[in-house]
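Asks: Listed here are the chains, written in short residue letters.
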Amino acid sequence: MGKRSVQEINASSMADIAFLLLIFFLVTTTMSVDKGLSRRLPPPLPPDQKEKLKDLEVKERNIFVVLINSKNQVLAQGQYIQVEELREKVKEFIKNEANDPNLPELSEVEVEIDGRIEKVMTTDAHIVSLQNDRGTTYQKYIEVQNELVAAYNEVRDEYSRQRFGVSYNELTEDRQGAIQKIYPQKISEAEPKNYGGNK
Amino acid sequence: MAKIRKEGKKTVPAISTASLPDIIFMLLFFFMVSTSMKEVTYNVDIKVPEATELQSLEKKSLVRYIYVGVPRHEFIKQYGRETRIQLNDQFAEVSEIRSYVEDERNAMNEDEQGLLTISIKADKETQMGIITDIKQELRQAQALKISYAAIQKN
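Residue numbers (our numbering), protein chains in the order written: chain F, 1 to 199; chain D, 1 to 154.
Heads up, a few of these hints could be off.
Claimed, not checked - Here are the simulated lysine to any residue pairs, SDA-like style, with alpha carbons at most 20 Å apart: (1) F:K35 - D:V94; (2) D:K60 - F:R39; (3) D:K124 - F:S38; (4) F:K89 - F:E110; (5) F:K181 - F:E158; (6) D:K47 - F:T137; (7) F:K71 - D:I130; (8) F:K181 - F:E118; (9) F:K186 - D:Q55; (10) F:K95 - F:A125; (11) F:K140 - D:I46; (12) D:K145 - F:S129; (13) F:K35 - D:E125.
For the record, the hints were derived by calculation from the structure and aren't laboratory data.
Extracted from the complex, chain F is given alone in its bound form (with noise of 0.2 Å):
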């Protein structure tokens, strides 16, 4: 028997497919991924709790209240600001540093670092209370909630570079932990209200 040889494939319209293929996945897929501003909602209030919340009152110097009105116009605490002004107030809020006593109170609180448990001093009981009127536009409401999230970020920042003297984002996840306990995110966004106003 002699050898016969099998005849190559062409493999011309390979590229063809190819192409066909690619081009498929470009219309069907999307590239970004998606991001976002975390949050977390807070449990719905049984029926017969809604009187008793009423009760329930925080310190006036723990809560910081920023209101956005239907014309897109930010008032923190009481002053009329701009939204970049936001982020330093916040930030002054929440640490607190000459407990100040127009400031959200410090408390001891036990965390642990490394193994080790530690005594720090924050301001545990401070709620940042966010209230928006029906009219607000989507886009101010992200920029304010944009704000309140970097103000934390910045002080968790700040606190990780003068504790570990690397910044936040490289610490480990138990050193993050610690953080977290020290500076926790308390962004309340209230109870719906409506401000006058048609509906």
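Got chain F sorted already, so can you dock chain D onto it with the hints?
Replies: Frame of chain F; chain D shown alone:
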């Protein structure tokens, strides 16, 4: 001394296209890895707001989306220009969100049910009234992990 060229036709050798499929396949794999499938076709126009402090949503399988915006051009006749909500492929009312969340949650694995994240993709011109309503519905449905979709601002 330079050689004296002979007169006559010079034939340019054909460029080999044998490696073309390989190049295209490489591109194909790049796109397959770096992109993700579209979740749905939008029935509403959405330009998400900009923000800087973003976190990416880790596991796609744990995320469900609520789209909020003005109906697209082709739906305006039917649904008007009012801001509407879209769940999956259809327009929906605020009151339908609770059953939607519950259905989606029941369809998930039991140990993952608590990790369900709702991503609210809303147009930046939306008024907060409808968003507040959605948030209240989500609270009632015990879907407390939410994420406001946004894009990175430079």
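Asks: All hints, please: hold or fail.
Replies: Outcome of the hint check:
no. : hint            : in the structure
1   : F:K35 - D:V94   : violated (24 Å)
2   : D:K60 - F:R39   : holds (17 Å)
3   : D:K124 - F:S38  : holds (17 Å)
4   : F:K89 - F:E110  : violated (26 Å)
5   : F:K181 - F:E158 : holds (15 Å)
6   : D:K47 - F:T137  : holds (13 Å)
7   : F:K71 - D:I130  : holds (17 Å)
8   : F:K181 - F:E118 : holds (12 Å)
9   : F:K186 - D:Q55  : holds (17 Å)
10  : F:K95 - F:A125  : holds (12 Å)
11  : F:K140 - D:I46  : holds (16 Å)
12  : D:K145 - F:S129 : holds (18 Å)
13  : F:K35 - D:E125  : holds (19 Å)
Consistency with the previously given hints fails for numbers 1, 4, ordered from lowest to highest.
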